[in-house]
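Colleague: Okay, here's what each chain looks like letter by letter:
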Amino acid sequence: MNEKSKKAYFDNYDVKKIKSEFFSFYHPFSLMTYFCCILLLIMFTTNPYILAIGLIGGMTFSFMNDKGKSVLKDIRFYLVLFVLVSLSNPIFSHNGETVLMKIGNVNVTFESLINGIVIALLIITVMVWCKNYSTIMTQDKFLFLFSGFVPKIALILSMIIRFIPLFREKLKSINESQKVLGAYSSNKPLEKIKSYLSTFSFLITWSLENSIETAYSMKSRGYGLKNKTRYTVYKFGSKDVLLIVISLILTAVCLIGIILGSLSFEFYPVITISEINYMTMASYLSFFILSFIPFIIETKENVKWKYYVSKI
Amino acid sequence: MKHKITSYLILLVLIPLSVISGMIVFSQKQYIFSIIAVSTLSVIAFLLRIEKNKTGIEKAVIIAVITALSVLSRAAFQWAPSFKPVMALVVITGMYLGKEAGFMCGAFTALLSNFIFGQGPWTPFQMLSWGIIGVISSMLSEILKKNVILTATIGGFLGVLYSLLMDVYTVLWIDSSFVLSRYVAVVMTSIPVTITYVVSNIIFLLILAKPVGKQIERVMLKYNIKA
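Residue numbers (my numbering), protein chains in the order written: chain E, 129 to 440; chain G, 7 to 233.
Because the hints were derived from the structure by calculation, they are not lab data. None of the values given here were measured: they were computed from a predicted structure. Hints may contain errors.
[Said to hold, decoys possible] Examples of chain G residues lying across from chain E (beta carbon under 8 Å, computed):
1) Q34
2) K35
3) T73
4) V77
5) L78
6) A191
7) I213
8) V225
[Stated by the list, open to error] Within a straight-line C-alpha distance of at most 20 Å, the following computed EDC-like cross-link-like pairs (lysine to aspartate or glutamate) qualify:
9) E:K356 to G:E148
10) G:K216 to E:E337
11) G:K65 to E:E337
12) E:K347 to G:E57
13) G:K65 to E:E341
14) G:K228 to E:E341
15) G:K232 to E:E225
16) G:K220 to E:E149
17) E:K354 to G:E57
18) G:K228 to E:E337
19) G:K65 to G:E223
20) E:K280 to G:E223
Cβ atoms here follow ideal geometry from the backbone N, Cα and C, with glycine treated the same way.
Model the full structure from these sequences, guided by the hints.
Modeller: Now the structure itself:
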């Protein structure tokens, strides 16, 4: 370990610099349930208010995750996407009664424009939440979920994950030794491709041969035997039960709202929104709480943390 | 036995159930809901079938090696959008290691490389599409092993198939119902991408099919592994 990486290593464990990602410390199963619930509701409704709430919730969440580093860069991309998708919809659908203008034979209608805007909103909201999903549900958590019901396949998956960096390292060292032996020296493209190919073929030979050794070693340690236990880092506690129960209840309220039609939003022939009643209010409120759950948890834990630190 | 029952349960009960409940609950978005639910559930059913079979650890490790190489190759060709040797490697795996290996290689390459390229609602569908490509190429393996040119041609067709499948997904995702004019438009706009898929499949299969296949066969012979 050189000086730089040592410093980085210890910085990670500095009490003052600990990242405040309390939400990611929940059990993978409860996190997965939460993300499934929220993505289910976002992806399959056509209600722009739900989407707007989801977008704001997701943005706050990703802002908390990386402290606004990449959010600004993303927003630019989202804006371009928004304009492209929302303007392209009137070209393909000519339904709707309010004609804004006529281009040749084609009616550009207000309803299809609004529909395009909602589609764009939907795509962006789903992208924001998928990004949050990727930052929270890392490979190891995902693997843990898999190992519960298909242990053999989870083992293959974890081997793949381990092999990727190993092969990358090996590829580097094969490349270097090949360079010393004179590969890549000619400027002809065909020769260069040949060098790349031989490097790749060495990598395949080496990895196949070596991995068989891994297999034998695993076999001798009792792979596939009955009653073999496995080590897990994740503990399923009461807070996880609470998260699952709350997100399932909130989702159920929203789903009932959708079935009863209180969240319906029709575009064609004219835009119609369902009238506001108790069910509508309840659905909006529960979706609002659902999409701000990570924010609530982080804030609560941060306040607690600050309080305890101030006591020291 | 347990896994077999579960996988039949998924195929015969859960998939129709999810489609019906999608029709009732998300009436405006039933198609995209069904396609995501069905592809997720069928990937799970496939995996349960594979889990049930007694795969030897040596073969499992070889599958892991090939899949890791194909994830690595997808990441290595990041500078060339959609020009990737992934599909070629999936076809080779299917050809030489059987349909389970082909399915796993395709599905897991999609799953794991999307941790680099970005996960999304398309992941299950992509897993299923690449997995199906692996299964198809294992079904044709007897013919494909004899002739490299034929392998490359079939690889090109599989590239077109993959592109058409993903376009179906795109249309359902944007329109929430299957509009033929939109599908034609999407297919038209994705022609350059399709051509890239086809060309990359042909090139990589011509280059890789024989040497990689030979190496896999050698290792399988040496350590007495059955396909």
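Colleague: Each of the hints needs a verdict: does it hold here or not?
Modeller: We went through each hint and held it up to the structure:
{"no.": "1", "hint": "Q34", "verdict": "5 Å, holds"}
{"no.": "2", "hint": "K35", "verdict": "4 Å, holds"}
{"no.": "3", "hint": "T73", "verdict": "5 Å, holds"}
{"no.": "4", "hint": "V77", "verdict": "6 Å, holds"}
{"no.": "5", "hint": "L78", "verdict": "6 Å, holds"}
{"no.": "6", "hint": "A191", "verdict": "7 Å, holds"}
{"no.": "7", "hint": "I213", "verdict": "7 Å, holds"}
{"no.": "8", "hint": "V225", "verdict": "5 Å, holds"}
{"no.": "9", "hint": "E:K356 to G:E148", "verdict": "39 Å, violated"}
{"no.": "10", "hint": "G:K216 to E:E337", "verdict": "18 Å, holds"}
{"no.": "11", "hint": "G:K65 to E:E337", "verdict": "12 Å, holds"}
{"no.": "12", "hint": "E:K347 to G:E57", "verdict": "17 Å, holds"}
{"no.": "13", "hint": "G:K65 to E:E341", "verdict": "12 Å, holds"}
{"no.": "14", "hint": "G:K228 to E:E341", "verdict": "13 Å, holds"}
{"no.": "15", "hint": "G:K232 to E:E225", "verdict": "65 Å, violated"}
{"no.": "16", "hint": "G:K220 to E:E149", "verdict": "49 Å, violated"}
{"no.": "17", "hint": "E:K354 to G:E57", "verdict": "15 Å, holds"}
{"no.": "18", "hint": "G:K228 to E:E337", "verdict": "10 Å, holds"}
{"no.": "19", "hint": "G:K65 to G:E223", "verdict": "12 Å, holds"}
{"no.": "20", "hint": "E:K280 to G:E223", "verdict": "24 Å, violated"}
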